[in-house]
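Listed in order, the protein sequences are those of chains A and B.
Throughout, my numbering is defined as the position within the first sequence, counted from one, plus 1.
Throughout, my numbering is defined as the position within the second sequence, counted from one, plus 9.
Everything labelled a hint here was simulated from the structure, so no lab data went into it.
Just to be clear, a hint being listed does not mean it is correct.
To be verified - If you only want the chain A side, here are some residues facing chain B, beta carbon under 10 Å, derived:
| # | residue |
| --- | --- |
| 1 | Leu8 |
| 2 | Pro12 |
| 3 | Leu18 |
| 4 | Tyr19 |
| 5 | Asp20 |
| 6 | Val90 |
| 7 | Thr92 |
What the hints assert, rightly or not - Some, not all, of what chain A presents toward chain B, calculated at C-beta under 10 Å:
| # | residue |
| --- | --- |
| 8 | Arg14 |
| 9 | Gln29 |
| 10 | Leu137 |
Claimed, not checked - For lysine-lysine, the following DSSO-like pairs were computed, each having C-alpha atoms within a straight-line distance of at most 30 Å:
| # | chain 1 | residue 1 | chain 2 | residue 2 |
| --- | --- | --- | --- | --- |
| 11 | B | Lys256 | A | Lys21 |
| 12 | A | Lys136 | B | Lys289 |
| 13 | B | Lys256 | A | Lys63 |
Cβ atoms here follow ideal geometry from the backbone N, Cα and C, with glycine treated the same way.
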Amino acid sequence: MTESQTLPVMPTRVMGLYDKPFWDHVQQRSMCLQRCGHCQAFQYPPGPVCSACLSEDLNWTKVSGRATILSWVVFHRKYLEGYPAPYNVITVRLDEGPIMVSNLEGPQPDGSWIGASVDLCYAEMARGLLLPRFKLGA
Amino acid sequence: MTIKRAAAIVGIGQTNWRQDYQRVKAGECPTDSYGYGAQAFVGALKDAGLQRNDIDGLIVGPTTANERMGEVLGLDVRWGGQADAVQAVMQAVMAIETGMAEVVALVYGNDQRSAGTQYGGPEAMGAASFLSYVYHAPWGFTSQGALYAMMFRAYQHERGFTERQLGEVAVAQRAWSSLNPDAVMQERVTIDDYLNSRYVCEPLHLLDYCLINDGGVALIVAEASRAKKISKNPIYIEALGRSDINKGATVLEPRLTNFYLPAQQQCAEQVFNAAGLGPKDINVAQIYDSFSLHVPLALEGYGYCAVGEAGKFLTEQGIGPGGTLAVNTSGGHLSDSYMQGWNHQIESIKQLRGTAGKRQVDNCRFVHYSSDVAGKAMSIIYGR
């Protein structure tokens with residue numbers, strides 16, 4: 002068996018002009034978000050201007066990796082290669098402010114997941130691609 | 010300027026989606042999106058008693074091209090557009106108000122079941138309009154149902170709302186559709202049937218999801234003085250309202266943190282003030298229901314109950330036959346037909362004409378249609 006058969010296939014990523022640096026940083030295990038040099042706001046998804054103040058002075062800035070779960074679901078149906086059911090998807094609010102969709106790896110909270118503290122980790126997918134995910138905080 | 014009673018619906022048409030659902034299930038392709046649109050258009054012309062050359066405006070749904078639909082229907086018009094159900098009505102009213110057209114046909118056809126349209130997965134539709142539908146695919150987050158499941162979990166946490174309370178929506182709408190001989194699904198369900206139905210994207214059950222079926226709907230909207238000449242019972246557009254949330258939309262911020270409440274409240278203020286009405290004056294609420302969750306959100310957002318009281322309203326007052334507020338009286342998208350808001354428009358007209366058969370709501374004077382697709386809260390109030 003080759004490695005590409007054992008690791009899950011990453012579904013197609015939206016790869017606009019401003020998405021590419023995001024994924025390049027992820028691939029370096031150094032997830033960065035755009036931060037505005039004018040108003041200091043972080044933003045995700047990345048874009049051409051700061052949505053808070055419309056400045057174009059945006060700088061890729063590494064995030065702390067700390068986040069809190071806002072909501073979660075469990076898929077009981079398979080839609081995509083790489084994601085056999087059941088599997089979870091979470092939304093987290095990063096300490097820097099933006100919300101991000103991801104998955105929770107490893108142990109799961111008892112009862113409600115909402116409010117649980119989580120930390121960034123990187124999952125290896127097929128073709129050597131890395132995917133930012135989260136695991137419960139220590 | 011107000012649009013109050015400036016335009017009216019004078020004709021409605023629909024395809025036989027109950028029969029076509031069985032035909033498609035048996036492997037047939039009865040027709041395509043244009044064919045369903047054409048069938049509905051012919052029905053609406055007949056209902057209005059109009060000739061094709063009386064039509065001078067054409068608005069088609071998002072599933073067909075305007076030019077090709079005009080070509081198929083043999084219609085050369087002086088004004089045209091393409092829009093979803095609620096915006097089609099709005100555009101028709103605006104065209105009439107500005108003198109761009111006088112009698113506008115709104116035509117929708119969708120072969121989504123027979124053509125295998127995907128609402129989740131690698132080919133998910135809607136991405137051109139809503140980045141959130143595809144942006145999170147790397148994490149397996151796809152399908153519009155999943156967006157509502159994520160929203161529902163946060164809503165449950167915030168409001169103490171239960172799955173059993175949400176189940177009242179599916180149960181009530183099926184009770185309505187059991188009185189609708191045209192509905193695809195007519196067999197009543199209980200709250201236990203709901204709770205025992207499988208999860209698709211937990212916490213949403215199968216019965217929280219809309220149907221996927223083929224069909225078509227058409228409406229003919231005419232300038233008010235023309236409408237009076239065309240029809241003995243024109244149904245007027247009393248008021249329109251709209252309020253959009255775009256900030257944070259792709260990462261679901263408004264879905265998860267305010268459940269579109271500010272947009273619905275602002276839209277409510279506009280549409281009710283413009284009509285000179287309040288929620289208590291509404292006899293039937295038609296609520297866009299691709300997923301059952303839309304219903305409690307709209308009940309709270311439009312002031313049919315207090316914020317945080319939708320669960321209690323659903324269980325204690327009720328939205329089904331005999332309930333306090335009649336909601337989605339055809340069965341809506343969950344049980345009648347998934348015509349993406351279009352079947353709600355013609356059900357509004359039937360209730361106001363008094364032709365809704367066994368599901369007719371007594372003395373129906375005003376119907377409120379609401380949709381909140383992706384945080385764009387829009388409303389129409391129809392009146393006799």
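So which of those numbered hints doesn't the model satisfy? Those not satisfied are hints 1, 3, 4, 9, 10 and 12.
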